[in-house]
Amino acid sequence: MVLYTVQGGETIESIAKKYGVSAERLLIDNGILPDSPLSAGQSIMIAYPKTVHTVQPGDSLWSIAASYGVTVDQLWRNNQILNGSSRIYPGQEIVVQYADTKRGSLAVTAYVYTFVEEEILRRTLPYLTYLAIFSYGIRPDGSLVTPEDAGMPGDSRLIALAREYGTRPMLVLTSLGSDGNFSTETVSDVLGDEAATAALISNIVETMDAKGYDAINSDFEYIAPSDRDLYTNFISRLAEALHPLGKFVDISLAPKTSREQSGLLYEAMDYPELGAAADTSFLMTYEWGYTYSEPRAVAPINLVAKVVSYAASVIPRDKLLMGMPNYGYNWEIPWVEGSPARSLSNQEAVALANEYGVEILFDAQAATPHFNYSDGLSSHEVWFEDARSVLMKLSLVADSDLRGIGIWNATRWFPQLWFILNVLYNIRRD
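Residue numbers for the sequence shown follow this note's numbering, beginning at 19 and rising by one.
I should point out that these hints are in silico values taken from the structure, not numbers from a laboratory.
No experiment lies behind these values; they were computed from the predicted model shown.
There could be a bad hint or two in this list.
Pairs of lysine-lysine, DSS-like flavour, derived with a Cα cap of 30 Å [said to hold, decoys possible]:
| id | residue 1 | residue 2 |
| --- | --- | --- |
| 1 | K120 | K35 |
| 2 | K68 | K36 |
| 3 | K68 | K120 |
| 4 | K229 | K337 |
| 5 | K324 | K337 |
| 6 | K337 | K120 |
| 7 | K120 | K36 |
| 8 | K35 | K68 |
| 9 | K120 | K324 |
Please model the entire structure based on the sequences and the hints provided.
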């Protein structure tokens with residue numbers, strides 16, 4: 019696999035000719051629209067197929083997979099043009115295998131809102147171990163706030179689609195109340211009341227069984243420090259209730275670099291104890307740059323690495339998943355404290371750079387792309403993720419011998435992420 023950085027004046031056709039590959043495949047694998055201009059500094063991934071099958075009359079994805087001893091999932095992952103569909107036609111070229119040697123196997127969890135578009139979900143599911151469906155909230159009496167209660171679409175459609183692709187559905191339990199905000203008080207009310215805690219665990223087990231969930235992710239945030247031990251005990255009890263049913267518990271951890279790290283987001287997150295109580299732990303290694311921050315990288319790798327280092331010192335590495343953001347932010351500059359940035363997809367970020375003809379720069383310390391532009395009314399600074407930042411984050415996961423990654427979130431399509439992940443790593447489907 020080749021990582022190529024676009025030089026001024028280059029086109030997809032000139033790059034394809036230079037590397038002896040199909041321009042059409044470069045467009046698809048990198049999510050570039052035909053006739054779209056390229057920006058200097060834009061990253062392009064190039065991979066060389068080892069085995070290609072030309073579809074014959076009567077072929078199906080299943081017959082092709084069987085003839086080469088691979089899975090249909092692998093064919094979907096190798097051919098983004100299929101969009102997770104089984105529709106093929108005679109003469110079509112299907113990549114069966116890439117030439118790159120796999121660097122290892124990773125578990126992959128992706129979070130999605132229940133309003134995710136079906137086309138994006140079908141494209142994404144073949145790359146996943148778990149689909150984490152966001153979310154169920156809690157009430158002080160231990161009852162659950164369903165997605166429908168929060169004004170969102172239900173989760174049944176997503177669970178069924180996950181099953182269709184052999185991906186295991188995961189219920190995301192949050193400390194979001196009916197108002198949609200994380201509530202320190204509600205967590206205290208539930209965990210401080212034995213009857214409410216027991217009711218919550220019972221409601222979770224009942225809902226997971228009725229809906230067909232295989233796992234749960236607990237994403238309680240802004241927990242009062244005084245509730246630290248109560249939260250750990252809750253996770254232990256939840257695991258005890260779910261393990262006999264063949265289900266497991268994953269926990270989201272705010273990004274800490276030491277056990278004593280202060281702040282409401284961190285103090286109740288007891289990495290050693292929670293890591294022991296849960297089956298796996300998801301490190302929320304993003305949001306250094308966020309809606310109300312000054313312009314900066316969302317997940318600077320130098321800071322992400324410090325969180326991974328601490329987590330791996332107190333939690334077994336095979337239980338850790340490193341969070342990766344699938345979005346960027348667009349700030350108006352000069353930045354005024356309190357002014358919000360606009361979230362945008364990585365595809366939208368590149369399209370902006372293309373539209374305004376500006377160069378994409380790369381911050382070496384943060385390992386993150388960024389650029390500035392002016393729309394005639396105001397100036398802007400954009401930080402986002404691209405092939406370079408994805409490669410470096412995946413290398414950090416592999417070099418740290420972690421279980422895998424968690425994507426926040428997969429409601430937006432980011433072709434380069436899935437392309438790189440598939441070419442360089444096997445996806446754990448256990």
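Hints violated by the structure (listed by number, smallest first): none
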